[in-house]
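Colleague: Taken in sequence, the protein lines are chains A and B.
Per numbering that gives the first Met the number 0, the very first residue in the first sequence carries number 0; after that it's consecutive.
Per numbering that gives the first Met the number 0, the very first residue in the second sequence carries number 0; after that it's consecutive.
Don't take each hint at face value.
These stretches of chain A come out as covered by chain B in the derived footprint (C-beta under 8 Å, 3 or more residues) [unchecked claim]:
#1 21-32
#2 81-94
#3 111-125
#4 158-169
One-sided and incomplete, this derived list gives chain B residues near chain A with beta-carbon spacing under 10 Å [claimed, not checked]:
#5 Arg99
#6 Met101
#7 Leu108
#8 Met172
#9 Gln226
#10 Asp230
None of these hints come from the bench; they were simulated from the model.
On a predicted model such as this, the values are computed, not experimentally measured, just so you know.
Backbone N, C-alpha and C fix where the C-beta goes; we use that ideal spot for every residue, glycine too.
Protein chains: 2
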Amino acid sequence: MESGLALPRTTFQRQVLDRLGLDICSGRYAPGQILPSENELCERFAFSRIVIREAVKSLAAKGMLEVRRKVGTLVLEPAEWNLFDPDIITWRSRTLSVDRQMSRDLMELRRIVEPAAARLAAVRAGDDDRGAIRAAFEAMRRAVAGEGDYVAADLAFHAAILDACGNQFVQQMQNAVSAILRTGFEIISQKPGGPAYSLPMHEDLCRAIEDGDADAAERAVLSLIKQAEEDLDGRLKSEE
Amino acid sequence: MESGLALPRTTFQRQVLDRLGLDICSGRYAPGQILPSENELCERFAFSRIVIREAVKSLAAKGMLEVRRKVGTLVLEPAEWNLFDPDIITWRSRTLSVDRQMSRDLMELRRIVEPAAARLAAVRAGDDDRGAIRAAFEAMRRAVAGEGDYVAADLAFHAAILDACGNQFVQQMQNAVSAILRTGFEIISQKPGGPAYSLPMHEDLCRAIEDGDADAAERAVLSLIKQAEEDLDGRLKSEE
Chain A
0 MESGLALPRT TFQRQVLDRL GLDICSGRYA PGQILPSENE LCERFAFSRI
50 VIREAVKSLA AKGMLEVRRK VGTLVLEPAE WNLFDPDIIT WRSRTLSVDR
100 QMSRDLMELR RIVEPAAARL AAVRAGDDDR GAIRAAFEAM RRAVAGEGDY
150 VAADLAFHAA ILDACGNQFV QQMQNAVSAI LRTGFEIISQ KPGGPAYSLP
200 MHEDLCRAIE DGDADAAERA VLSLIKQAEE DLDGRLKSEE
Chain B
0 MESGLALPRT TFQRQVLDRL GLDICSGRYA PGQILPSENE LCERFAFSRI
50 VIREAVKSLA AKGMLEVRRK VGTLVLEPAE WNLFDPDIIT WRSRTLSVDR
100 QMSRDLMELR RIVEPAAARL AAVRAGDDDR GAIRAAFEAM RRAVAGEGDY
150 VAADLAFHAA ILDACGNQFV QQMQNAVSAI LRTGFEIISQ KPGGPAYSLP
200 MHEDLCRAIE DGDADAAERA VLSLIKQAEE DLDGRLKSEE
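If we strip away everything but chain A, and leave its shape as in the complex, we get:
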């Protein structure tokens, strides 16, 4: 089959897709607006019509654009977008520090999903899952001691828990939860002593899952979220 244009596979297509996606998320092309014509976009990006067209198709498949005959390409409202699409989450997370509504909604999503995932992981995690959670925790401990990347290890730790919960829908929320985690972690890791402070809470969570103790796992994750909310609030207030 030669329908190799189904997904952007060349660097050019990826570049145009990312730039258009970011432009929509940042409001340069806002919901309710008509996108510039294919010719104008060709000029702006200095890419061929086919590259532009494939990017528009991808954005339409993600629910961000609707091609209307004789009218043009309409930017749809965010409620129409596929909000759990990994690309959309990546693009929107760049606007997280200014999009208070999205910050709040993601933090709420974290509070809904992570305690439930920790409870399920405590009950269901197999040996491989427990090993992955423990390995990520040990990487966090080494990062606090100065060796390795703290944010990457922290993300891997939370991702391993969502993975261990064994529910396909919860696992797929991982990208969305990671977006708010990443923002939060960047704040915490900039705070002197922040990682060292939250390390024991992570150890509690790791141990609760190893012990198969769902109540303790939920308590530990709620302490972590409370701390992250306070840090994020402090940061947002300091920006006001």
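Starting from the structure of chain A, add chain B where the hints point.
Modeller: Same frame as chain A, but now just chain B:
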């Protein structure tokens, strides 16, 4: 712009998309398999190559297929699929009665999302939201008395609560939650006296949101879910 093929817009394209999507979800074309060639699919569906190709592109954008040069079109594992895509949920819900894993995961998702949504709705619902929830409840009451469709009213009731919670990510889970609700409701509404039995629990939930009482809203929704789980378990056991 003439890139009008971004989404299937003709009846033909929709037909092929739905049939291929269903065939993948039902396992006719299982994960790990190579899809029949474009020529074979053209013959099977008696549609043109362009219609087949656009359906394949849509399925690729949803994460169900990957077009590999010289190899063919690979059916990906469900973990790669966009599980919150409304089309994928519709196709998969046709296999709900046989896919125990998906039934279990959706019921768990309901237990995670709905209590949180009810709490948020109790705090945030505006007058319009409360009106929509109350109107859906009154339609349920009329349906129990023999006037109108009970399942449709019940779905509208739960959708209105997710809508009132004001969190964009929770709102977007509505399709997934509706799939398990629909299956559950069909069971309950077949059970003699089922709708009449669960009506007071719905009234408790409606009233708790009207009163702005988050704890009472959570309690009411947990009673409803417990009842639905028992009904679903009973049905699944009777099928074994």
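Colleague: Each hint: holds or not?
Modeller: Structure-based check of all given hints:
1. 21-32: The restraint on the region 21-32 of chain A is violated, since only 0 of its residues have a Cβ under 8 Å from chain B and three are required.
2. 81-94: Since three or more residues must qualify, the claim that chain B covers the region 81-94 of chain A holds, with 4 doing so at under 8 Å.
3. 111-125: holds (count 4)
4. 158-169: With 4 residues in contact (Cβ-Cβ under 8 Å with chain B), the coverage given for the region 158-169 of chain A holds.
5. Arg99: violated, 13 Å
6. Met101: It holds, given that the least Cβ distance between Met101 (chain B) and chain A is near 7 Å, below 10 Å.
7. Leu108: Holds - the Cβ of Leu108 (chain B) comes within 10 Å of chain A, reaching about 5 Å at its closest.
8. Met172: Holds, because the Cβ-Cβ distance from Met172 (chain B) to chain A comes to roughly 8 Å (cut-off 10 Å).
9. Gln226: Nearest chain A Cβ about 20 Å off; hint violated.
10. Asp230: Violated: closest Cβ of chain A sits about 21 Å from Asp230 (chain B), beyond 10 Å.
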